[in-house]
Amino acid sequence: DTEVTQTPKHLVMGMTNKKSLKCEQHMGHRAMYWYKQKAKKPPELMFVYSYEKLSINESVPSRFSPECPNSSLLNLHLHALQPEDSALYLCASSPLPGGAYEQYFGPGTRLTVT
Amino acid sequence: GESVGLHLPTLSVQEGDNSIINCAYSNSASDYFIWYKQESGKGPQFIIDIRSNMDKRQGQRVTVLLNKTVKHLSLQIAATQPGDSAVYFCAENTRQAGTALIFGKGTTLSVSS
Chain A
1 DTEVTQTPKH LVMGMTNKKS LKCEQHMGHR AMYWYKQKAK KPPELMFVYS YEKLSINESV
61 PSRFSPECPN SSLLNLHLHA LQPEDSALYL CASSPLPGGA YEQYFGPGTR LTVT
Chain B
1001 GESVGLHLPT LSVQEGDNSI INCAYSNSAS DYFIWYKQES GKGPQFIIDI RSNMDKRQGQ
1061 RVTVLLNKTV KHLSLQIAAT QPGDSAVYFC AENTRQAGTA LIFGKGTTLS VSS
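Just so you know, the sequences run in chain order A and B.
Counted from 1, the first sequence has number 46 at position 46 by the working numbering; the numbering is strictly sequential.
The working numbering runs 1000 ahead of the 1-based position in the second sequence.
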């Protein structure tokens, strides 16, 4: 299995809702990532988990809360989002943390905040 | 700030032509580079990578060239096909722990038949 899966594919939520994005990989990768991508822009790093521990938080607002329950799963909990948070949210994984490894990306969750 | 960028936001070619997509980087400590292809509505897909101890690496119909002297990276696509139409991103990183990929701005490649 060489893919990263993400659910849901699309999500529409109001500013007072609480929702979660899910990401899963079964490649035995020990680093997992959340990125945010706006239209026609490159992915922007949000969080990095290394060996199930949060290692990088790129000053992301607290309305985004990541969680790594085990080495295969990564969640992103959303609460009180703003319309400008509408974007494609990408999950990725790599065999090990650090910069010398390819990152495998999932298809993303298209989030719309109304 | 962003240390990797692409020279051209768009590139239009005819089917069968060779395409060259360029990328400049500013961090001389970067030692690992990746090219990704992103089709509409999909996540980035790995194309090819290169480490700083190499100048050139070839894949199937693709070649990546690395010029460390001028901090320049390019992706060459041979015999470009309509299915190659996508946004192409270069990304860089260092081998240090606690780092992550930095993406360039992206080039949209359009291939016409």
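Note that these hints are calculated values from the structure, not bench results.
The model shown is predicted, which means the values in this text are computed figures rather than measured ones.
Take the hints with a grain of salt, since some may be wrong.
[To be verified] Here's a subset of chain A near chain B, in silico, CB distances under 8 angstroms, partners left out:
1) 33
2) 39
3) 46
4) 48
5) 64
6) 87
7) 90
8) 99
9) 100
10) 102
11) 105
12) 107
13) 108
14) 112
[Said to hold, decoys possible] FRET-style restraints, in silico, Cβ to Cβ:
15) B:1029 / A:9: 29 to 39 angstroms
16) A:63 / B:1014: 43 to 53 angstroms
17) B:1055 / A:16: 49 to 59 angstroms
18) A:96 / B:1112: 40 to 50 angstroms
19) B:1016 / A:114: 37 to 47 angstroms
20) A:39 / B:1112: 37 to 47 angstroms
The beta carbon of each residue, even a glycine, is placed where N, CA and C say it ideally should be.
Of the hints given before, which are not true for this structure? 2, 3, 5, 6, 14, 20
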